[in-house]
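Here is how the chains run, residue by residue.
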Amino acid sequence: DAGVTQSPTHLIKTRGQHVTLRCSPISGHKSVSWYQQVLGQGPQFIFQYYEKEERGRGNFPDRFSARQFPNYSSELNVNALLLGDSALYLCASSFLRGGQETQYFGPGTRLLVL
Amino acid sequence: AQSVTQLDSQVPVFEEAPVELRCNYSSSVSVYLFWYVQYPNQGLQLLLKYLSGSTLVESINGFEAEFNKSQTSFHLRKPSVHISDTAEYFCAVSEAGSTLGRLYFGRGTQLTVWP
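Heads up: the protein sequence lines correspond to chains A and B, in order.
For the first sequence, the numbering used here puts the final residue at 114, and the numbers step up evenly by one.
For the second sequence, the numbering used here puts the final residue at 115, and the numbers step up evenly by one.
Isolated chain B (complex conformation) (with noise of 0.2 Å):
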């Protein structure tokens, strides 16, 4: 089975800093990584993904995130956060080659940007 540590619980953050979001995993078989943003009171909305290619992957808003198989680390990134930011951010593998794609969660990153 696989495990999602996300190593922070809450990180406040003053706008325009730059922020990083720290997760590891833990898996016996090759994964998918994702980064997934919750709104309060909404459902999860993807961020991003590493599937395979580049270990670089990027949103549209400016979040990214780099895969480090060395590390088993997949931590997000972005160099100027802004007010509408704040959310709670959750990491998330599942495992590559299989036909069930379910999802394994970290508890989740609390990003709270201060003006």
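So here's chain A without its partners, still in its complex pose (with noise of 0.2 Å):
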């Protein structure tokens, strides 16, 4: 089975664009949840979303915003970056919500911001 994919791989980007990040859930999968990671720090919850509806949101403004499909996969939108959005966003799935489940990470989608 296919693990939870993510597009792009790398972007780089300049300063007050506007950038869409893509998360395929694993097959079976009806929660997301992004994170964002930035080079030396431990990964910082962004959102969770659960059968289309967003269950928790992170200490990120209002630049950052999601959403989920029927499909169960997932957008990550970032408008008016900054250079300190430069990070990897990783996304992770999960079967349900809850602390219990384990969330399977994607490879990341690597920004850069200039």
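There could be a bad hint or two in this list.
Claimed, not checked - Reference excerpt, derived from the structure (chain B facing chain A, CB under 7 Å, subset only):
| id | residue |
| --- | --- |
| 1 | 46 |
| 2 | 51 |
| 3 | 105 |
| 4 | 106 |
What the hints contain is simulated information worked out from the structure, not anything from laboratory work.
For glycine and all other residues, C-beta sits at the position ideal for the given N, C-alpha and C.
Combine both chains into one complex, guided by the hints.
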């Protein structure tokens, strides 16, 4: 079975631009979470979606938004990019939502903002 | 909220030597505990997790971690490391019983195994 897939793998943008990152969860998984991993730090929680509804949001500005589609894939959108948005963006999926559920991570999208 | 402290940012060790990667957490509620491993240019892979029951949990590749509630620790150990264990290791917690499953990660420990 395919794992969590993310696209694109790498992306270069300039300040002020907008970016859309995509994630396809493991087949049958209904929950998708997004994390931001800045170089040298651990991942930080951005969003969780379950059954197409936002269930949780981390401490990120409104420039960050996301959505989940009927097939459970998800998009993360970031507007008005800042240099500090340069990071590895990780998507994780799980069958249910809840702390006991193992979250399976994709390879990430590496975003560089110039 | 929960927080995780990984006490060592880098741990160099020779092949076949034992290793311990330290993790302490802070939380006002019960937690689940996880160790993830990240190889270069890859995402995170779950190494092992503690949900309940036996405080000693093991992975299939020889790592083990012990939950110590009084010390609020979840240190990762391996009695004999291999070159292939070179990677970044992240300790994480989530709130037990929460329907959110949000993970709080430490800053990571880079384990480098030398021949």
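Against the structure, the hints:
This hint holds: residue 46 of chain B has a C-beta 6 Å from the nearest C-beta of chain A, less than the 7 Å allowed. This hint holds: residue 51 of chain B has a C-beta 6 Å from the nearest C-beta of chain A, less than the 7 Å allowed. Here the hint on residue 105 of chain B is kept, as its CB sits about 3 Å from the closest CB of chain A, short of 7 Å. Evaluation of the residue 106 of chain B hint against chain A yields a held restraint, the C-beta minimum of about 5 Å falling below 7 Å.
In summary, this structure violates none of the numbered hints.
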